[in-house]
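**Q** Below, each chain spelled out in residue letters.
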Amino acid sequence: MHVPDGFLDAPTSVATGVVAAAGIAVALRKARGELDDRTAPMAGLVAAFVFAGQMINFPVGAGTSGHLIGGALAAVLVGPWTGMLCLSVVLLVQALFMADGGVTALGTNITLMGVVGCFVGYAVFRLALLVLPRRLGSVAPAAAVGALVSVPAAATVFTLLFVVGGNAPIDTGAVLAAMVGWHVVIGVGEAVVTGLVVGSVVAVRPDLVHGARRLVSARTLEVRPSAVAGQARTEEVA
Amino acid sequence: MGAGHGHRLHYHGHSRVHRAPAHLKLLALLGFVLLAVAVPPGWWAAYPVLLAVLLGVVLLAQVPLGYLARRMWIEVPFLVFAVLLPFVATGPRVEIGFLSVSEPGLVAAGGLAAKGTLGVLASLTMAATTEPADVLGGLRRLRMPDLLVQIMSFMLRYLDVVTADLARMTTSMRSRGCDPRSPRHWPTLARSMGALFIRSYERGERVHLAMLSRGYDGELPR
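For the record, the sequence lines run as chains A and B.
Numbering-wise, the working numbering puts 1646 at position 175 of the first sequence, and it's gapless, one number per residue.
Numbering-wise, the working numbering puts 490 at position 13 of the second sequence, and it's gapless, one number per residue.
Worth flagging that the hints you see were computed from the coordinates, not collected in a lab.
All residues carry an ideal CB built from backbone N, CA and C; glycine is no exception.
Hints should not be assumed to be uniformly reliable.
Keeping only pairs whose Cα atoms sit at most 25 Å apart, straight-line, the calculated DMTMM-like set for lysine to aspartate or glutamate is [stated by the list, open to error]:
hint, chain 1, residue 1, chain 2, residue 2
1, A, K1501, B, D694
2, A, K1501, B, D611
3, B, K502, B, E608
4, B, K502, B, E679
5, B, K502, A, D1571
6, A, K1501, B, E682
7, A, K1501, B, E696
8, B, K502, A, D1480
9, A, K1501, A, E1693
10, A, K1501, B, E679
11, B, K502, B, D623
Among the chain B residues that face chain A by a calculated CB cut under 10 Å, a handful are [unchecked claim]:
hint, residue
12, V514
13, A566
14, S577
15, V578
16, P581
17, T594
18, A604
19, C655
20, P657
21, D694
Coverage of chain A stretches by chain B, computed from C-beta distances (three or more under 8 Å per stretch; other residues unrestricted) [what the hints assert, rightly or not]:
hint, segment
22, 1507-1521
23, 1557-1567
24, 1584-1598
Using the sequences and the accompanying hints, generate a full structural model.
**A** What follows is the structure, encoded as structure tokens:
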């Protein structure tokens, strides 16, 4: 769900805009470290992928549907800084070309889904990797845990913003309980899809998954002669 | 390909609004919506004035109102929220018919619906009258970092390619009796999403190599 115009008052919108701009400024520098001069085409294509992934809607019930946010997914696949840039560009395109999420709420949306979504997701992912056994198979469950936590975390930050600059008098505790409760449910869906997608990429191209990089580089080359080939060689010698 | 051919919300035209420089339109959009968001609660007279200004721009742009109205469904979830707000908000209650609702909640809901609607209509007008390439040029003129403009231009350029890839995958999934929306088939869907990521990533690598072979040095020719 993107925050529309008018949900938060003007000072809060401007303040989150400053936070988002600062985050993007740092991310632009750091993403070059993750992708060097490939940054522009790679991040652009990954942003297109995130956008396409968000287009798949799941029926939630009561006529509404939910879709993947993809913050934790992008952070695990391409790294938190590049992931944040991708999410920010996706949100910018959605605000300017699809009227999805308000123009004044763009800073809020980037702060919530780009900064909080990517970084909480990635931090929890790294923590989960420390706990889980050091195997490639641990990457997908860890990504799922990261996604599970990132969604309610973003909802909590939104509630805090709403308390500071919300345009409606609602009981804070009630909003927090409703937002976090509802987003834990959304987080479970996000976790399942994120874990499955990361798992399928790790199975085929583990070298592409940023979060699996250390595990891939720690692997040693194994030479396993096949029984058939070995037999053929002995026959040749004989 | 997306760039230069307009996009889904673009309404082709040659009006004064279509021809206006994109960076000025972006500034006007941001200023207008900020103004709408900053209207204090209870200043109901401000909304018809802002709406009149906006409708004036739409008329000048010669974009049919029905065209914009059909695309405003995007704000329906928030209108639902605005309808529910008076029931859950705190503060003194007032009776409307047989319903008891919160008075400040009612005021907030009205403001929320008005501001949200103005914001969506303004953004739609901007999207309907401006080509993606012009928006990118406008953002560049507004000093958006060059790398961010480049990422955005690549995203817009390959958006249709990537979504068409995904559409082909879901079509072939459906033809094999799989329903991508059902949670039962999420594992299959996730594998195609994984394949889509690998395809997008590898396309990015090929694009980068093709750019290098044409002399790319970190900046795009203007």
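**Q** Could you run down the list of hints and mark each one as holding or not?
**A** Status of each hint after checking the structure:
no.: 1; hint: A:K1501 / B:D694; result: 19 Å, holds
no.: 2; hint: A:K1501 / B:D611; result: 28 Å, violated
no.: 3; hint: B:K502 / B:E608; result: 12 Å, holds
no.: 4; hint: B:K502 / B:E679; result: 36 Å, violated
no.: 5; hint: B:K502 / A:D1571; result: 18 Å, holds
no.: 6; hint: A:K1501 / B:E682; result: 19 Å, holds
no.: 7; hint: A:K1501 / B:E696; result: 18 Å, holds
no.: 8; hint: B:K502 / A:D1480; result: 23 Å, holds
no.: 9; hint: A:K1501 / A:E1693; result: 34 Å, violated
no.: 10; hint: A:K1501 / B:E679; result: 22 Å, holds
no.: 11; hint: B:K502 / B:D623; result: 20 Å, holds
no.: 12; hint: V514; result: 5 Å, holds
no.: 13; hint: A566; result: 5 Å, holds
no.: 14; hint: S577; result: 16 Å, violated
no.: 15; hint: V578; result: 12 Å, violated
no.: 16; hint: P581; result: 5 Å, holds
no.: 17; hint: T594; result: 9 Å, holds
no.: 18; hint: A604; result: 5 Å, holds
no.: 19; hint: C655; result: 13 Å, violated
no.: 20; hint: P657; result: 7 Å, holds
no.: 21; hint: D694; result: 8 Å, holds
no.: 22; hint: 1507-1521; result: holds (count 13)
no.: 23; hint: 1557-1567; result: holds (count 8)
no.: 24; hint: 1584-1598; result: violated (count 0)
Checked against the numbered hints above, the structure breaks hints 2, 4, 9, 14, 15, 19 and 24 and satisfies the rest.
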